[in-house]
Amino acid sequence: MSFVIGVDVGGTFTDAVAAGSDGRVVSAKAPSTPPDYSGGIIEALTLLAKQWNLTLPELLADTAKFSHGTTSSLNALVMRKVPPVGYLTTAGHRDALYIMNVEGRYLGRPQHELQDPLRQRKPEPLVPRRLAREIVERIDSAGRIVVALDEVRARRAIRELRDAGVSAFAISLLWAFRNPLHERRLKELIDEEAPGAYVALSSEVSPRIREFARAATTVMSSQIGPGLRDYLGRLETRLTELGLRVPLLVMQSSGGAVTATEAPATAITTVGSVLTGGVVGALRLARQTGRRNVIATDVGGTTFLVGLIVDGEPVRTTSTIINQHPVNVPSLQVHAIGSGGGALAWVDQGGHLRVGPLSAQAVPGPACYGHGGLEPTVTDANLVLGILPERGLLGGRRPLSRELAEKAIAERVGRPLGLGTLEAAAAIHAVQNAQTADLLRKVVVESGHDPQDFSVFAFGGAGPAHCAAYAADLGAREVVVPLGGAAAGFSAFGLAGADIMVSAERSDPQPCPMDPGRVAAIFDDLERDVRSRLARQGEALEEQELRREIDLRYSLQLSEVTTPLAAGPVTTASLEDCLTEFERLYQRMHGENTGFRQAGMFAVTFRVHGVGRTPQQLRLPDIGTADSELAASARRPVCLDGTDPIETDVYDYRLLRAGHRINGPAIVEVDTTTVVVPATARGEVDALGNLVMTFG
Amino acid sequence: MFLHVPGSESFASQTPDHDGLRTEIGEKVGLHTVTDEQVAALDPLTYEVIRHRLWSITDDMGSTLRRMSGSHMVTEANDFDFTINDEVGREAQVGLYNTMLVGAIDMAIDWILRNRADNPGIADGDMFLCNDPWVGGGLHQNDVLITQPIFVGDELFGWTAAVCHEPDLGGPNPGSGSTSADDVFGESLPTPPVRVVHGFEIQRDVADVWVRRSRVPHIVGLDLRAKVGANLTGRRRLLDTIEKYGADTVKAVMRRMMDDAEKRLRDKLHAVPDGTWSAEGYQDQAKLGDTGTHRISVTMSKANDHLTFDFTGTDPQTGVINCTFGGLRGAIMMAVLPTLASDIPWSAGGIMRCFDIVSEPGTINNATFPAAISRAPVGPAWLTGTLITQCLSAMLGTAEEPPGPVNAACCGTWEGLSVAGLDERDGAGTPFLYSAMDPMAGGFGAAPDADGVDTGGLLCIPMGRSPDVEMTEYLYPVLSLWRKELPDSGGPGRHRGGVSAGLALTPHGTSAQMRIGFAASGKATSQNPGLSGGYPGSTGYDGVVRGTRLEQLLAAGRLPTELDQLGGDLDPGGCFDVKFIGPGDVVYLQWQGGGGYGDPLLRVPESVAEDVLNGHVTPQAASAIYGVVLDDDGEADLGATAELRERLRAERVGRDRTTRKPESRPETQIGKPLDDNLDRLPDDTIACRHCATALGSAGEPLTVELIEAPPAAAGPHIGTNPELYIDAQVGFRQHVCPGCGVALRSTVGPLSASSVLHAVGAQNAG
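Chains as they are written, first to last, in UniProt numbering: chain A, 1 to 696; chain B, 1 to 766.
Do not rely on the hints blindly, as some may be mistaken.
Sample of chain A residues facing chain B (criterion: CB under 7 Å; computed from the structure) [stated by the list, open to error]:
#1 G92
#2 V102
#3 E103
#4 D116
#5 P117
#6 K122
#7 P123
#8 R138
#9 D150
#10 E151
#11 R210
#12 E446
#13 S447
#14 S555
Rather than coming from a laboratory, the hints here were simulated on the basis of the structure.
Just so you know, these numbers come straight off a predicted model, no measurement behind them.
Cβ atoms here follow ideal geometry from the backbone N, Cα and C, with glycine treated the same way.
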């Protein structure tokens with residue numbers, strides 16, 4: 001037997017999934033062990049091995065693929081627990097990192113803060129000014145050297161930074177993506193003056209026009225690179241000692257993995273790895289069940305993450321935001337649209353009910369946790385409504401106090417609004433559902449699509465209690481709650497199944513029509529780079545696929561539309577097809593006849609994604625067919641529509657088999673979540689054990 | 001002198017009279033309305049669900065507009081906005097971008113209803129375009145409104161609207177601004193509302209007339225589609241919502257949103273003491289060649305839950321520094337939204353009910369046709385907004401728990417730089433024109449508990465954005481020698497104003513002459529005052545440097561990053577000026593920082609040391625303005641600092657030593673704080689909060705020391721040569737507590753202005 005293993009290292013828990021070649025999938029959970037996360041990983045792996053009646057070395061020896069996603073780099077950036085790095089940039093332009101194009105004051109901040117500009121602040125500088133040095137050199141927009149690199153002064157700056165104790169250097173010079181000569185020479189100087197220091201070059205990490213985002217990306221990469229290098233090195237050594245014979249793979253924001261030895265060089269690409277695990281899991285599930293368009297919703301206690309799959313492919317983006325900085329990293333697009341089960345319900349100064357955007361933090365959590373929280377949350381409302389079991393969550397391991405939930409809702413919402421406690425709870429539940437639908441609709445519509453063409457996938461602890469309602473309000477076709485083999489570790493399951501993926505990009509802004517020779521030369525370079533990196537993955541890749549993209553825009557538009565370019569020779573015709581496709585994508589997003597070619601088109605950035613498929617393809621196992629009617633395991637009064645509670649069937653998810661039908665109103669209890677089937681919904685269990693709900 | 005144009009009155013909108021409108025057009029267009037009972041009957045659940053949806057729809061319109069626009073001012077600078085309005089044009093929800101536009105959009109819809117209902121009619125599938133600032137919809141001709149009526153059955157349910165700044169709409173100068181026009185006929189022509197979309201189709205004849213006027217018709221055409229697209233997005237989503245919940249319910253929610261915003265704003269006003277506050281500021285030069293300085297005055301009274309803004313005392317309209325009544329309302333919204341409505345939904349239709357305006361037509365911030373108004377938003381409206389922000393901050397500062405941010409003024413104008421020439425990089429030579437967007441990075445003003453944000457932006461466009469240098473160099477034949485934050489440009493204070501930045505460009509990839517246009521007031525007098533004794537932020541300063549050694553320097557491997565490294569002579573630009581430069585010459589531009597809060601001699605010395613370390617304050621200013629002595633390691637020497645500060649305070653009151661120390665107030669003498677320095681005692685005595693010296697009585701001028709000195713005394717960030725720009729004598733004025741020497745008010749302005757300091761009842765806001 002051989003295994004495919006996925007490990008998802010979160011801030012609190014480490015989830016692991018092992019899929020055997022016999023089709024069985026098992027999962028395990030262990031507490032994460034920061035700062036060295038390998039303890040939690042070994043613990044989770046040991047639990048996995050036990051379920052196969054193997055020792056850990058036996059499991060690892062038979063492992064054909066080992067893929068791992070970590071939140072540690074992102075946490076380090078967000079919490080600003082990063083080592084000091086030295087920053088080198090072109091003379092006269094150091095302050096780009098501090099001016100932040102002004103947008104650093106508000107980028108990525110929640111909606112309610114945006115209308116309060118006088119209280120907004122820029123984040124702490126990415127690099128303190130004393131560790132930022134200006135280098136005398138200048139390259140112009142054509143890539144020509146205007147002022148040669150002053151090596152004497154550069155060496156002095158490097159030595160000063162070295163003596164100031166920096167552990168890494170980030171170099172981002174103006175126009176370095178056009179001509180990387182000075183950046184490369186600076187790296188050589190660093191290798192001489194500060195041997196062994198980690199160095200990140202903007203021309204390698206992010207060769208894209210616009211110096212602020214490129215510099216921010218390069219600095220962040222240098223801040224997490226050394227830590228990632230040490231961590232992955234230690235982990236891989238340990239796993240190899242324990243018997244692992246294949247390279248350790250690390251998940252990237254792009255939804256594909258790279259080997260642990262390759263990852264640290266462009267560390268920033270791994271920063272969203274945990275966020276994307278859920279989308280990749282949804283992609284696996286979508287492909288296996290033949291769904292082409294999916295809205296993947298992953299709702300936890302404090303976060304609500306959304307990813308889209310369109311025509312069988314995840315929607316991608318070319319940048320993200322971390323600590324109010326724009327970061328260039330090819331990613332699966334994951335929108336954080338609001339708060340999860342911990343969203344606070346409150347009455348504003350105008351006497352109106354509000355839910356979110358603030359959320360109860362993990363500690364003290366919702367009022368019903370009994371850890372001192374006094375403000376009512378969506379979770380409290382769900383408990384009062386009877387949706388959540390009074391014996392608590394996680395099979396009773398987290399007890400809940402209905403009394404505290406009722407008290408919080410009555411005091412903070414019910415009384416001020418003149419509503420009974422149950423009525424107030426129902427209103428909170430309904431407002432949360434409607435807001436979620438609004439925010440989801442925005443995500444779907446802004447990407448140019450119609451929600452009625454989509455299935456909603458709902459996972460995470462706090463999603464399934466609401467998903468039927470928000471999916472119906474959204475007008476989605478159906479909602480799917482994954483309850484089969486990977487129910488407990490959906491994100492880890494996604495990681496386990498990830499393909500290898502490497503990307504290369506470079507800006508070469510030019511007006512259209514593009515010159516085929518110039519474009520072909522760029523893609524030749526990028527594809528050579530991608531192929532050689534794929535070859536270095538040390539995996540037997542079953543098939544390789546190279547995809548080309550060009551970021552195009554009209555005139556002076558700020559945002560570009562990433563448009564595919566066909567493989568094969570780059571010709572005037574293929575580039576014209578690419579422009580036609582751009583206009584089609586543009587109009588899908590903005591409406592018919594909104595394109596306006598006469599305004600002029602520009603190509604800005606060229607990109608190649610290389611995907612390598614490993615031979616081990618992951619599938620969820622069948623759950624077995626129902627041979628009898630599904631019996632309710634309990635009944636309890638539940639209020640789902642604001643009227644009086646009615647006795648409602650409660651089902652145990654472990655008993656679900658393919659073909660079982662559940663008509664609403666009903667509740668399905670899972671260890672890690674609770675599913676609501678409203679009166680207007682019909683549920684059916686599919687072959688993999690997923691609960692599929694439809695409406696009307 | 002402006003000649004009156006008979007017939008122009010019919011285009012002059014005033015504050016919309018909604019009841020009058022209903023009577024006037026009720027027969028021509030069926031208006032969808034709901035009763036008070038329907039509004040009252042809304043349940044909390046339905047209200048919140050629909051309110052959130054309307055917000056989400058508005059937001060969608062903005063995203064559509066921003067993504068689709070091809071205009072630099074929209075995509076890079078976020079100079080646009082959008083609204084959802086009820087049947088008579090009241091704004092139920094507005095966007096978060098250019099907040100001045102909010103004050104003009106409802107006026108245009110009101111005008112359309114009164115003037116277009118019977119001919120050509122207002123029907124489903126129509127959209128109207130307008131760029132006539134007297135009608136409304138924008139502040140100057142570059143602000144172009146497209147608004148769409150939304151029908152439910154036969155009844156007009158409401159409107160959506162989208163406005164963005166177009167790069168050029170004709171007129172004698174590229175960019176459509178003018179620094180020398182005698183009147184609006186020397187600028188771009190205003191277009192009153194025309195039906196550009198009919199039956200959901202862009203009317204080709206109207207669209208052609210529209211784009212024909214522009215030097216960049218393609219971009220104007222693209223933006224036309226962007227705004228049509230944004231309106232269609234709004235319409236589709238709004239009708240979906242109406243279909244689901246019913247028109248009456250949605251309208252009731254819109255009504256209650258406005259009622260709610262009004263009520264919450266009134267509650268806030270109730271919570272602060274009544275009073276009167278005044279402020280005045282200046283536009284240096286009215287146009288090219290003018291050497292006057294032109295006053296805007298505002299006196300704000302707060303009684304119970306209502307505000308009155310009285311602009312009596314504002315100078316007559318003149319030159320190119322005027323704005324229409326829509327600009328005046330926009331200025332008020334620019335100030336009110338972030339200070340009083342930061343935590344209130346921006347249902348502007350309700351917020352606007354909380355104030356009245358007293359203003360004489362024919363003045364620079366309420367100009368009548370045919371005054372030149374192309375600089376309305378960046379000149380008179382902006383300054384008016386800044387002055388109102390000062391008054392509101394001073395008012396909020398008198399509350400024990402201010403229900404909104406108390407904040408010194410932010411960067412007070414747009415430091416306009418336009419560059420035109422021939423781009424020879426493609427070999428052929430292509431004419432180019434651009435406006436530098438870098439001055440978006442103005443400094444924010446300081447607050448009682450925080451420094452202003454360095455290069456934080458512009459208050460009137462809270463989500464503005466400055467471009468990357470690489471984008472500028474890619475698009476235009478220039479090389480950016482530097483773009484950096486400027487030390488000392490943040491107004492000194494107990495909390496420092498945010499610093500601004502400056503840039504230097506040289507032609508690169510062109511051998512032809514480049515035309516450099518400068519346009520910004522505020523080079524002699526300060527438009528970014530401090531509060532509570534805090535100093536103003538930096539004045540603007542621009543110019544061109546000719547005869548530089550740049551070519552030799554670059555060839556020798558040197559890259560100048562300061563003006564004095566360039567060699568050559570700096571030819572300073574006037575407030576409104578045109579210069580020409582050639583290869584090897586340099587254009588230099590620096591814009592305004594934010595005002596300071598409180599006396600800089602009270603700033604924590606360690607914060608000053610940190611500012612010096614970070615290059616935000618020079619060692620000279622640390623010593624001269626902040627009174628902080630740094631040791632060899634750059635740490636504040638606390639003993640020496642205390643001595644120096646005592647000496648500086650004594651100098652202020654003209655003695656060897658002060659009679660009282662700033663921390664010498666007896667614990668028993670505590671009144672209600674009026675600002676950072678003044679207390680009002682129970683017997684209405686106004687006393688220094690620091691040393692308890694009695695300074696006078698509420699309602700009467702205070703008895704304080706007054707220092708008058710040349711502007712340079714305010715610090716190295718203030719222009720030292722006001723005579724380059726204006727005739728009036730400019731000085732640094734400081735009102736000082738005679739007891740302890742703490743600064744109560746610090747201004748840079750014409751010495752002809754009144755020097756009387758009031759604390760209560762016409763308190764000087766800054």
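Which of the stated hints cannot be reconciled with the structure, identified by number in ascending sequence? Those not satisfied are hints 7, 10 and 13.
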